[in-house]
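> Read off the chains here:
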Amino acid sequence: MAQPDTLLEVELERDEGSEIAALFEAEKKAFWALRGQLLDQYEGQYVAIHQGRVVDHDTDKLKLGLRVYRRFGYQPIYVQLVSRQGLPVKWLASPQRLEQ
Amino acid sequence: MTMVRYNYNQQLEPPAPFIYATVTTPDPGAGAARAERIPMQLDIGAALTVIPQRLASELGLIKFSEVGVGGFRRDPEVEDSFLVRLQIHDWEIEAVEVILGDDSYGLLGRDVLNQFLLTLNGPELHFTIQRPAESAAS
Numbered sequence: 001m002a003q004p005d006t007l008l009e010v011e012l013e014r015d016e017g018s019e020i021a022a023l024f025e026a027e028k029k030a031f032w033a034l035r036g037q038l039l040d041q042y043e044g045q046y047v048a049i050h051q052g053r054v055v056d057h058d059t060d061k062l063k064l065g066l067r068v069y070r071r072f073g074y075q076p077i078y079v080q081l082v083s084r085q086g087l088p089v090k091w092l093a094s095p096q097r098l099e100q
Numbered sequence: 001m002t003m004v005r006y007n008y009n010q011q012l013e014p015p016a017p018f019i020y021a022t023v024t025t026p027d028p029g030a031g032a033a034r035a036e037r038i039p040m041q042l043d044i045g046a047a048l049t050v051i052p053q054r055l056a057s058e059l060g061l062i063k064f065s066e067v068g069v070g071g072f073r074r075d076p077e078v079e080d081s082f083l084v085r086l087q088i089h090d091w092e093i094e095a096v097e098v099i100l101g102d103d104s105y106g107l108l109g110r111d112v113l114n115q116f117l118l119t120l121n122g123p124e125l126h127f128t129i130q131r132p133a134e135s136a137a138s
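As they're listed, the protein sequences go chains E and D.
Going by our numbering, the first sequence opens with residue 1, and the numbers climb by one from there.
Going by our numbering, the second sequence opens with residue 1, and the numbers climb by one from there.
Hints listed in this document are in silico derivations from the structure and should not be mistaken for laboratory results.
There could be a bad hint or two in this list.
Taking CB as the label site, the calculated pair distances span [as the list claims (entries may be wrong)]:
id : chain 1 : residue 1 : chain 2 : residue 2 : range
1  : D       : Y6        : E       : Q41       : 44 to 50 Å
2  : D       : R37       : E       : P4        : 52 to 58 Å
3  : E       : L8        : D       : E58       : 17 to 23 Å
4  : D       : T2        : E       : W32       : 41 to 47 Å
Calculated Cβ distances over 12 Å to all of chain D for the following chain E residues [as the list claims (entries may be wrong)]:
id : residue
5  : Q3
6  : D5
7  : L8
8  : V10
9  : A33
10 : L39
11 : Y42
12 : G44
13 : G52
14 : R53
15 : L64
16 : L66
17 : Q96
Okay, the calculated bits of chain E under chain D, using three or more residues with CB under 8 Å as the criterion [what the hints assert, rightly or not]:
id : stretch
18 : 18–32
19 : 67–75
20 : 84–94
Note that beta-carbon positions come from the ideal geometry of N, C-alpha and C, so glycine has one too.
One chain only, chain E, in its complex shape (with noise of 0.2 Å):
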């Protein structure tokens, strides 16, 4: 049989979208998977998640994340409070009209 003159190989545009967002879900996992350790050591402050390991803490949420953000650039972290009860909630209560 003939060899072909040229190899060629296609390959495919990556989704960064959905490799940033599996990544995501890691870290969401791994806070979920520690939660029961992190009790002991940080319950009622914010931990920030990343590559698997508390990498800060803070009682401040939005500090906790610029901070993170500074250190590790804008890249996949976890930030969620540790607490014995579930998440925060937060309420949007104003009623909208159907019609509009």
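Please arrange chain D on chain E, whose structure you already have, making use of the hints.
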């Protein structure tokens, strides 16, 4: 102290206070941050700020956290949140945690509005907004 005056938006019924704000990623120094200027409704019934869904892809926003979000006669549901920087006229707000909404405009919640002095003049359909010096410094 700078004061800005807006007329109410009268496309909504009843008319409502709206303002323009520019949304960017939280760390513009890190790279080419994209920015988007959007209309935002002043909503003192909202505990947090909402931006239009389309901004997540347009600005390349990365998820930051999760929050439980409840509404009028609606039980709380888990929503992804994002950390953004907001600019309203000359006023910079370095970090705001936001969720995504379905409307073409955003909602400015009390997390942001409580940093401002607002005077609503309903009968004349306008409002003024200014930022006290101590809020601007924080």
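> If a hint holds in the structure, say so; if it doesn't, say that too.
Cross-check of the supplied hints:
Hint check: Y6/D to Q41/E, Cβ distance near 47 Å, so the stated range 44 to 50 Å holds. Checking the proposed 52 to 58 Å range against R37/D and P4/E shows it holds: the Cβ atoms sit about 54 Å from each other. In this structure, L8/E and E58/D break the distance hint of 17 to 23 Å, their C-beta atoms being roughly 35 Å apart. Distance hint check for T2/D and W32/E: the Cβ-Cβ separation is about 45 Å, which falls inside the suggested range of 41 to 47 Å.
Distance check for Q3/E against chain D: the nearest CB is about 45 Å away, which clears 12 Å, and the non-interface claim stands. With a cut of 12 Å on Cβ distances, D5/E stays outside the contact zone with chain D, its closest approach being about 42 Å. The non-interface label for L8/E is consistent with chain D: the shortest C-beta to C-beta separation is roughly 32 Å, beyond 12 Å. No beta-carbon of chain D is positioned within 12 Å of the beta-carbon of V10/E; the least distance is around 26 Å.
Every beta carbon of chain D lies more than 12 Å from that of A33/E, the smallest distance being close to 15 Å; the non-interface claim holds. Every Cβ of chain D is farther than 12 Å from the Cβ of L39/E; the closest lies at roughly 18 Å, confirming the non-interface assignment. Here Y42/E stays apart from chain D, with its beta-carbon at least about 15 Å from theirs, past the 12 Å limit. Look at G44/E: its CB is around 16 Å from the nearest CB on chain D, clear of 12 Å, so calling it non-interface holds up.
With a minimum CB-CB distance of about 16 Å to chain D, G52/E clears the 12 Å threshold, and the non-interface call stands. Even its closest Cβ contact with chain D, about 17 Å, leaves R53/E beyond 12 Å, as expected for a residue assigned away from the interface. Non-interface call for L64/E relative to chain D: violated, since the shortest CB-CB distance, roughly 10 Å, does not exceed 12 Å. Not every CB of chain D lies more than 12 Å from the CB of L66/E, the least distance being 5 Å, so the non-interface label is violated.
Against chain D, the non-interface label of Q96/E is violated: not every CB pair exceeds 12 Å, the least being about 8 Å. With 4 residues carrying a beta carbon less than 8 Å from a beta carbon of chain D, the stretch 18–32 of chain E meets the three-residue requirement, and the given coverage holds. Counting residues of the stretch 67–75 of chain E whose C-beta sits closer than 8 Å to any C-beta of chain D gives 5, which meets the bar of three, so the coverage hint holds. Here the stretch 84–94 of chain E counts 9 residues with a CB under 8 Å from a CB of chain D, which clears the bar of 3, and the coverage holds.
The earlier numbered hints that this structure contradicts are 3, 15, 16, 17.
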